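Can you make the complete structure from the sequences, with help from the hints?
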Amino acid sequence: MPVARNWRLFLMNDGAGSTRARRSAAFLLTCALLGAMGSGRASAGAQVDPPTAGDLKRLSIEDLMNLDVTSVAKEPQRLLQAAAAIQVITAGDIRRSGASSIPEVLRLADNLQVAQINAHDWAISARGFNANLANKLLVLVDGRAVYTPLYGGVLWNVQDCLLADIERIEVISGPGGTLWGANAVNGVINIITRAAQDTQGLYALAAGGNELQEQAGIRFGTTLAPGVYFRAYGKYTGLDREVTTAGTSADDSWHVGRGGFRLDSEPSAPNRLTVQGDFYSVAEDVVATGGASLSGGNILGRWTHETPGGASMSLQIYYDHTYLSQPFAASPAAPPFFSGFPAASLKDDLDTYDLDFQYHFAWGTRHKLTWGLGYRATRESDEDLSIVRFTPTALNQSLYSAFAQDEIMLARSVYLTVGSKLEHNDYTGVEFEPSARLQWNLQSTQLLWGAISRAVRTPSRYDRDLLVPSGLINPPPPFQFPTTYLKGSPDFVSETLLAYEVGYRAAIGPKLAASVSAFYNDYHHVRSTTATPTTAVYVFPYPIFFQNNLEGETHGLEISASYQMLEWWRLHAGYDLLQEHIGVRPGEVDATGATNETADPQQQVALRSSMDLSGGMTLDAALRWVDALHINNGPAGGPVVGIVPSYFELDSGIAWHATRSLELSLMGRNLLHAYHTEYGFPSPTREQIGRSLFARITWGY
Amino acid sequence: MGLLRNIATRRLWRRLALLLIAGGLLGAAQPVSEYQLKAVFLFNFAQFVEWPPAALPRESAPFVIGVLGKDPFGAALDEVVRGETANGHPLEVVRYHNVGEVRDCQILFIAASELPQLEGILAALRGRSILTVTDADSPALHGVMIALVRQEKRIRLRIDLQATKASNLTISSKLLRPAEIVGSGS
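Residue numbers (the numbering used here), protein chains in the order written: chain G, 1 to 701; chain C, 1 to 186.
Quick caveat, the hints were computed from the structure, so don't treat them as lab data. Since we're looking at a predicted model, the values are computed, not measured. Certain hints may be false.
[What the hints assert, rightly or not] Label pairs and their in silico Cβ distance ranges:
no., chain 1, residue 1, chain 2, residue 2, range
1, C, 85, G, 361, 51 to 59 Å
2, C, 116, G, 422, 33 to 41 Å
3, G, 563, C, 94, 29 to 37 Å
4, G, 569, C, 176, 41 to 49 Å
5, G, 422, C, 50, 48 to 56 Å
6, C, 50, G, 569, 47 to 55 Å
7, G, 418, C, 124, 32 to 40 Å
8, C, 85, G, 422, 54 to 62 Å
9, G, 418, C, 60, 39 to 47 Å
10, C, 50, G, 225, 35 to 43 Å
11, G, 323, C, 78, 54 to 62 Å
12, C, 124, G, 579, 47 to 55 Å
13, C, 85, G, 228, 37 to 45 Å
[Unchecked claim] Computed cross-link-like contacts, DSS-like style, restricted to lysine-lysine with a CA-CA straight-line distance of at most 27 Å:
no., chain 1, residue 1, chain 2, residue 2
14, C, 153, G, 368
15, G, 511, C, 153
16, C, 70, G, 511
17, C, 153, C, 174
18, G, 57, C, 70
19, C, 153, C, 70
20, G, 57, C, 153
21, G, 347, C, 70
Backbone N, C-alpha and C fix where the C-beta goes; we use that ideal spot for every residue, glycine too.
Here it is, written out as structure tokens:
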């Protein structure tokens with residue numbers, strides 16, 4: 001009864017759900033359409049062409065300082081200032097990749113392990129631990145944390161947006177706890193969307209194919225008043241089902257409608273205000289289980305202020321609601337000792353309120369200080385089912401945090417950044433996450449850096465409050481059967497990491513950029529599963545409960561390089577090496593022999609080619625090789641390890657920019673095999689990912 | 001169910017088609033290229049900074065904006081100064097590989113590529129009335145008179161008044177007002 005797997009197989013399939021999702025998407029499109037018609041006429045005359053040098057020379061200094069500049073060309077230089085294993089996925093990369101969802105986009109980051117589990121579920125991590133319920137990665141969308149406190153991981157099947165609205169995605173492998181707090185253990189993904197002033201006018205997208213059956217999106221951006229910009233978007237995606245290992249159709253189709261808005265305003269020059277929000281409704285099927293529905297929404301406000309002295313501050317507040325209904329298949333009774341369970345759906349309702357303040361200023365000529373305060377309140381309730389429950393059913397939690405960081409100039413071009421976060425959570429009390437980072441700009445084109453950081457993963461509801469009844473009926477005495485099968489532990493503490501990293505980044509001439517980073521991660525108190533000892537009268541090793549008995553080290557290497565071989569032809573290569581030695585603490589046991597946490601490829605290779613052909617055509621190809629995974633069947637499986645074979649796959653796309661605004665493209669994903677497997681313990685219901693072909697038309701930017 | 005889906009899909013596509021037509025009327029506003037904007041700032045400095053008479057070009061000699069190091073402007077700077085004058089002298093762009101080549105020059109843009117040699121460059125220019133400007137993003141810019149600082153998507157001015165005074169340059173309040181003023185601290 002792989003409960004853990006079920007968490008990933010978030011669920012479902014009712015036609016009613018998919019109609020609901022579709023209806024909200026249709027409604028959105030209608031609204032956007034009306035918006036386009038109404039305000040389109042008003043703003044058509046106000047559109048401006050890029051200003052000429054002559055135009056600019058007529059402007060005052062103040063006006064010049066209020067102009068926005070494009071940033072694409074500066075990206076490599078700015079990266080040269082970043083003393084971390086950071087990779088940036090740009091809007092251009094996303095457009096050319098043919099990705100239709102955020103997880104697909106994340107395949108562009110060499111420093112991530114990305115595995116597609118089925119049509120709608122993904123396992124994504126950095127530097128390993130890409131287990132079921134991967135829980136050591138922090139993902140932020142415009143400053144809003146999107147991991148669920150239910151199990152500390154990300155529900156990738158609900159994270160999406162209009163990809164054309166993404167300005168860039170920063171993918172940092174390595175800890176970021178000092179700035180971002182708990183859960184930023186193995187990496188941080190920062191998804192940053194474009195400001196409303198950068199998404200003015202109309203954008204529309206339509207795509208259709210075999211796996212990506214249909215995708216339609218629209219955004220409209222307008223200027224409400226001088227300096228007040230607004231956009232609204234809607235998007236609908238329908239994915240076809242995949243196929244199981246047994247060759248049967250996997251009932252895992254996925255339908256999602258979402259929409260949202262963003263407003264950016266500058267009430268006065270040093271003040272900026274952003275208000276944005278999204279909502280979504282997902283209906284999906286889960287193989288052999290039934291239908292799931294997930295829905296949610298959020299609203300966020302951010303105010304930033306710059307003082308004349310160069311200090312800046314920001315205040316951010318958001319509310320986020322998520323709801324999920326996850327089905328569990330019925331377990332038929334097996335008399336006389338197993339009572340069985342009826343089919344049921346676990347419903348999880350989560351409200352998050354978050355407040356964050358940051359202040360940044362220079363102190364003298366050698367110090368740049370940043371400090372911040374944060375507060376997060378969550379209210380979560382889970383329906384009590386006979387097959388799975390969380391105790392207490394409803395839980396309100398508070399998280400208080402404070403951090404301070406100082407960037408010190410030690411000598412010309414040598415900087416030391418030290419800081420720490422202090423966090424108080426209801427489960428484990430105070431946690432601290434200090435780091436020290438040394439950066440040496442060898443020349444303006446080369447950077448050498450090193451860092452030592454501590455990070456923690458604080459307990460989730462899953463670790464502490466989970467209770468899975470066994471369904472066993474007590475036999476006649478003296479025999480005793482356990483009533484609980486899997487159980488969280490009230491004494492579960494935070495997992496800790498001490499990470500040592502070094503890196504080098506260089507722009508070698510105008511055409512070649514490369515980066516190398518190496519890490520050694522020392523983990524303690526990682527989640528283990530302990531079986532209850534059996535005796536002649538207590539014959540089952542249940543309950544299995546969570547403890548913190550795993551520890552060990554991982555080390556590895558991340559290399560990536562981009563080469564602009566010709567003006568029209570760019571090449572990119574990435575390589576990842578990861579070696580994990582995670583074991584059970586001496587004197588302790590783990591029900592899965594310490595194999596449940598580390599379903600990771602030891603090596604990964606990525607090669608990409610981007611060509612700008614004549615006549616407005618572009619041709620892109622991305623080849624990847626992923627090493628075999630050694631995967632465990634979850635806490636119930638015992639120390640049995642299954643294999644996901646290594647594989648090569650190829651994504652490719654050709655696009656034609658028919659006019660400045662109109663792009664027509666043909667995209668293919670996973671072209672090398674009709675079906676291949678990326679994740680999952682071998683079983684007849686393990687899913688295979690099919691070759692995907694689709695055509696896409698986009699209008700605008 | 002399948003039928004329902006098909007109908008819904010067909011409607012969706014029809015709406016999109018409509019939208020594409022409506023969208024033909026619109027275009028998107030385009031931001032300015034970063035170095036085009038910075039070039040315009042350099043042009044403005046020529047207008048809003050006062051040089052001591054001895055430091056101005058003689059007679060019909062051009063007023064020189066120099067670029068030291070790897071030129072990030074492309075053609076943008078030449079385009080901005082074409083046909084323009086400052087203090088009655090025609091503006092001209094001159095590119096230098098090292099500071100030893102800098103002779104008759106009023107404004108010197110020090111490119112990011114020269115950051116490692118910055119101290120030497122400033123020492124070589126000391127006492128000469130040349131307005132030094134850079135956009136290298138580094139806190140270690142003591143003594144460069146004007147920094148064009150990128151903040152998010154905007155360009156900000158940071159002016160070191162001690163350094164400009166030491167070189168007998170007077171900066172107009174039109175530049176000073178919106179700028180961040182720093183002391184060179186040395």
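Status of each hint after checking the structure:
{"no.": "1", "hint": "C:85 x G:361: 51 to 59 Å", "in the structure": "violated, 41 Å"}
{"no.": "2", "hint": "C:116 x G:422: 33 to 41 Å", "in the structure": "holds, 38 Å"}
{"no.": "3", "hint": "G:563 x C:94: 29 to 37 Å", "in the structure": "holds, 33 Å"}
{"no.": "4", "hint": "G:569 x C:176: 41 to 49 Å", "in the structure": "holds, 48 Å"}
{"no.": "5", "hint": "G:422 x C:50: 48 to 56 Å", "in the structure": "holds, 52 Å"}
{"no.": "6", "hint": "C:50 x G:569: 47 to 55 Å", "in the structure": "holds, 50 Å"}
{"no.": "7", "hint": "G:418 x C:124: 32 to 40 Å", "in the structure": "holds, 36 Å"}
{"no.": "8", "hint": "C:85 x G:422: 54 to 62 Å", "in the structure": "holds, 60 Å"}
{"no.": "9", "hint": "G:418 x C:60: 39 to 47 Å", "in the structure": "violated, 58 Å"}
{"no.": "10", "hint": "C:50 x G:225: 35 to 43 Å", "in the structure": "holds, 39 Å"}
{"no.": "11", "hint": "G:323 x C:78: 54 to 62 Å", "in the structure": "holds, 59 Å"}
{"no.": "12", "hint": "C:124 x G:579: 47 to 55 Å", "in the structure": "holds, 52 Å"}
{"no.": "13", "hint": "C:85 x G:228: 37 to 45 Å", "in the structure": "holds, 39 Å"}
{"no.": "14", "hint": "C:153 x G:368", "in the structure": "holds, 21 Å"}
{"no.": "15", "hint": "G:511 x C:153", "in the structure": "holds, 25 Å"}
{"no.": "16", "hint": "C:70 x G:511", "in the structure": "holds, 14 Å"}
{"no.": "17", "hint": "C:153 x C:174", "in the structure": "holds, 22 Å"}
{"no.": "18", "hint": "G:57 x C:70", "in the structure": "holds, 24 Å"}
{"no.": "19", "hint": "C:153 x C:70", "in the structure": "holds, 23 Å"}
{"no.": "20", "hint": "G:57 x C:153", "in the structure": "holds, 19 Å"}
{"no.": "21", "hint": "G:347 x C:70", "in the structure": "violated, 60 Å"}
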